[in-house]
Structure formats: structure tokens, C-alpha cells
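Given the sequences, and given the hints that come with them, work out the whole structure.
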Amino acid sequence: MSEKNNSKYEIIAKYVKDISFEIPTPEAYVEAAQNLGSYVTKIDFKSNPYKGSLIELNCKLIIEAPENVKNKIRSEVVMAIVFKITDTSLKQEEVKKMILVTIPSENFDFIKDMVTDLFRKSGFKNFNFNKEIDFEGLYNQQQSN
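Just so you know, we're using my numbering here: the sequence shown kicks off at 35 and counts up by one.
If you're looking for bench data, these hints aren't it; they were derived computationally from the structure.
Glycine residues also receive a C-beta, built at the ideal position from the N, C-alpha and C atoms.
It is possible that some hints are incorrect.
Derived DSS-like pairs: lysine-lysine, alpha-carbon spacing no greater than 30 Å straight-line [as the list claims (entries may be wrong)]:
no., residue 1, residue 2
1, 85, 165
2, 48, 130
3, 106, 42
4, 48, 104
5, 104, 155
6, 42, 104
7, 106, 51
8, 48, 85
9, 42, 155
So the derived label-pair ranges between C-beta atoms look like this [stated by the list, open to error]:
no., residue 1, residue 2, range
10, 53, 171, 22 to 32 Å
11, 126, 178, 13 to 23 Å
12, 101, 55, 12 to 22 Å
13, 83, 123, 14 to 24 Å
14, 127, 165, 19 to 29 Å
15, 41, 74, 31 to 41 Å
16, 104, 128, 43 to 53 Å
17, 159, 100, 30 to 40 Å
18, 41, 165, 28 to 38 Å
19, 174, 58, 18 to 28 Å
20, 52, 172, 18 to 28 Å
Written out as C-alpha cells, the structure is:
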């Protein structure tokens, strides 16, 4: 599997690195079915050098109940993307933005589909994860801090 994107980077592999989905009790399932719309979405990225010029980007998506929900379910999905930068003229700031904005934006449908399938196969048949994440906005917010 190899995908070239704008000739700035090439995806070597994209896969599910980790999945955790917990419904600890029947009560948690019933409450979740009634309150999924109020669950909170959190996202986290970590990138690490891999072999040679390869970089591993881990995109973690967490869906968790708000504090006021007594019986909670929890979902965490980590997608790994291994890629190499093919445009060697990129500045460090451009590479950082590519890792935190471009690559996640272009691959977010993969993780959204995975989360939707996970919830549906766990009994939430009408669940559809359609939340949009403003990666550019998150990046700009991080830069201003």
C-alpha cells in the first residue's frame, strides 16, 4: 500500500494500531444509547521517527461520556500512518503542519468509518460518527498558546 499525496509525502502503511471499547454493564449500554449525543470527542496525535526517513503518526480518537453520566462506556481507537516525506525542500514548520493538519485531514474518513463500524457492531445500530474535526483550527490554536 503506497499513496502519494501532492508529492510532498507518501503513505507507506495505514492500519488500526489499537482499539478499546468498553461497555461494562447493561446499564452502561442503556445509558449510552440514550446519551451518545452528549459524549465528548477527544483527539491526540503523536509522531515518531521510524526507520530511515519514515515517520509513524498515531492518531488517537477517544469518545467518552460527560461527567454527569453515571454508567459510562468508553471508546478509544488509534490509527497509525507510516509515511515518508518526499519533498525535501519543506521547512520544519511546513512538516509540522503536514503532520498535524494535512495528513490527519486527508485520512480522517478512515478513522470515522472505523468508529462507526465499531459502535454499530457493538449494538448501537443507528450510530453514525459524523463529527467534523477542524484540524487547521486546532493547529492554529496550538500555535497561539
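Each hint, compared with the structure:
Distance hint between residue 85 and residue 165 is unfulfilled; the C-alpha atoms sit about 34 Å from each other, more than 30 Å. Annotation: proposed proximity of residue 48 to residue 130 holds, straight-line Cα distance about 19 Å (limit 30 Å). Between residue 106 and residue 42 the CA atoms are separated by roughly 42 Å; this puts the pair beyond 30 Å, and the hint is violated. Among the hinted pairs, residue 48 with residue 104 is inconsistent with the structure: their alpha-carbon atoms are about 36 Å apart, more than 30 Å.
Simply put, residue 104 and residue 155 have alpha-carbon atoms about 23 Å apart, close enough for the 30 Å limit, and the pair holds. Taking the CA atoms of residue 42 and residue 104, the gap is near 47 Å; set against the 30 Å cutoff, the hint is violated. Pair hint residue 106 plus residue 51 holds up; C-alpha atoms about 24 Å apart against a cutoff of 30 Å. Between the alpha carbons of residue 48 and residue 85 the distance comes to roughly 16 Å, so the proposed pair stays at or under 30 Å and holds.
For the suggested pair residue 42 and residue 155, the alpha carbons sit about 37 Å apart, so the restraint of at most 30 Å is broken. Between residue 53 and residue 171 the Cβ separation comes to about 27 Å, which falls inside the hinted range of 22 to 32 Å. Remark: the range hint 13 to 23 Å for residue 126 to residue 178 is upheld by a beta-carbon distance near 18 Å. Roughly 20 Å separates the CB atoms of residue 101 and residue 55, a value that falls within the hinted 12 to 22 Å.
For residue 83 paired with residue 123, a C-beta distance near 19 Å keeps the hint of 14 to 24 Å intact. Between residue 127 and residue 165, the C-beta spacing of about 28 Å keeps the proposed range 19 to 29 Å intact. Checked against the given bound of 31 to 41 Å, the beta carbons of residue 41 and residue 74, roughly 37 Å apart, stay inside it. Separation of residue 104 from residue 128 is about 47 Å and conforms to the stated range, judged on CB atoms against 43 to 53 Å.
The hinted range of 30 to 40 Å is not satisfied by residue 159 and residue 100, whose Cβ atoms lie roughly 23 Å apart. The hint said 28 to 38 Å for the Cβ distance between residue 41 and residue 165, and at roughly 31 Å that hint holds. Against the hinted window of 18 to 28 Å, the Cβ-Cβ separation of residue 174 and residue 58 comes to about 38 Å, which falls outside the hint. Judged by the Cβ atoms, the range 18 to 28 Å given for residue 52 and residue 172 holds: they are separated by roughly 22 Å.
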